[in-house]
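Undergrad: Sequence:
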Amino acid sequence: MRPFSGNPDKNSFPFEVSKSPLCCGHEAATRPQLWNLLHQLLVVETIYSYRDKGAFLLHDFVVMPDHLHLIFTPAETLEKAMQLIKGGYSFRFRKEFRKSHEVWQKSFTDRRIRDFAEYQRYKKYLWMNPVKAGLCERPEDYRFSSASGRFSLDPLPQRLKPEDV
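Heads up, the numbering used here is the position in the sequence shown plus 2, with the first residue counted as 1.
It is worth saying that the hints were derived from the structure and are not from the lab.
Heads up, some of the hints might be wrong.
[As the list claims (entries may be wrong)] Here are the simulated DSSO-like pairs of lysine-lysine, each with C-alpha atoms no more than 27 Å apart in a straight line:
id, residue 1, residue 2
1, Lys97, Lys134
2, Lys108, Lys97
3, Lys88, Lys126
[Claimed, not checked] With beta-carbon atoms standing in for the labels, derived distance ranges:
id, residue 1, residue 2, range
4, Leu155, Val133, 35 to 45 Å
5, Ala119, Lys97, 40 to 50 Å
6, Lys126, Leu43, 19 to 29 Å
7, Ser51, Ala119, 28 to 38 Å
8, Leu39, Phe93, 27 to 37 Å
9, Ala135, Lys108, 15 to 25 Å
10, Tyr50, Asp112, 33 to 43 Å
11, Arg113, Asp143, 34 to 44 Å
12, Ala119, Leu40, 35 to 45 Å
13, Gly56, Glu139, 30 to 40 Å
14, Lys97, Leu39, 28 to 38 Å
Here a beta-carbon is modelled for each residue, glycine too, at the ideal position from N, C-alpha and C.
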């Protein structure tokens with residue numbers, strides 16, 4: 003793993019990126035369960051490939067069947083990190099599934115996380131997303147989420163940790 007090239011304790015803040023929609027196309031309608039599992043696995047693999055290259059610190063995430071949510075600290079800009087994730091996924095999607103249609107919608111929503119309480123709110127929102135969508139009963143049961151405990155995550159920047167730590 004290449005070291006994180008940014009400085010999480012100077013001038014950079016974690017971001018919560020939400021509702022970055024996947025355009026799944028016809029296959030999602032005809033074979034939604036299998037198709038979504040393949041897409042979600044590829045999204046997770048793409049996120050971790052760029053995290054391991056030092057493009058960002060990954061704090062929490064959930065990959066839903068049609069969108070994703072991330073809490074991460076980019077090494078460079080938020081736009082660059084999202085370009086890597088979306089572009090990397092699109093490249094692999096087209097190569098592995100031999101498809102040429104657009105994969106992502108162009109936009110995404112972001113929010114800068116300024117303190118630990120705000121981080122906790124966003125984390126809860128991410129973790130509860132699959133529960134509210136009826137995909138699982140408990141956040142830890144959803145396999146494409148950091149709530150599952152199956153994935154390694156990076157620590158929060160010091161200023162976002164609880165004061166008693």
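Undergrad: Next, verify each hint and record whether it holds.
TA: Going down the list of hints, with the structure as the test:
no., hint, result
1, Lys97 to Lys134, "violated (33 Å)"
2, Lys108 to Lys97, "holds (20 Å)"
3, Lys88 to Lys126, "holds (24 Å)"
4, Leu155 to Val133: 35 to 45 Å, "violated (20 Å)"
5, Ala119 to Lys97: 40 to 50 Å, "holds (42 Å)"
6, Lys126 to Leu43: 19 to 29 Å, "holds (25 Å)"
7, Ser51 to Ala119: 28 to 38 Å, "holds (32 Å)"
8, Leu39 to Phe93: 27 to 37 Å, "violated (20 Å)"
9, Ala135 to Lys108: 15 to 25 Å, "holds (23 Å)"
10, Tyr50 to Asp112: 33 to 43 Å, "violated (20 Å)"
11, Arg113 to Asp143: 34 to 44 Å, "violated (26 Å)"
12, Ala119 to Leu40: 35 to 45 Å, "holds (37 Å)"
13, Gly56 to Glu139: 30 to 40 Å, "holds (36 Å)"
14, Lys97 to Leu39: 28 to 38 Å, "violated (18 Å)"
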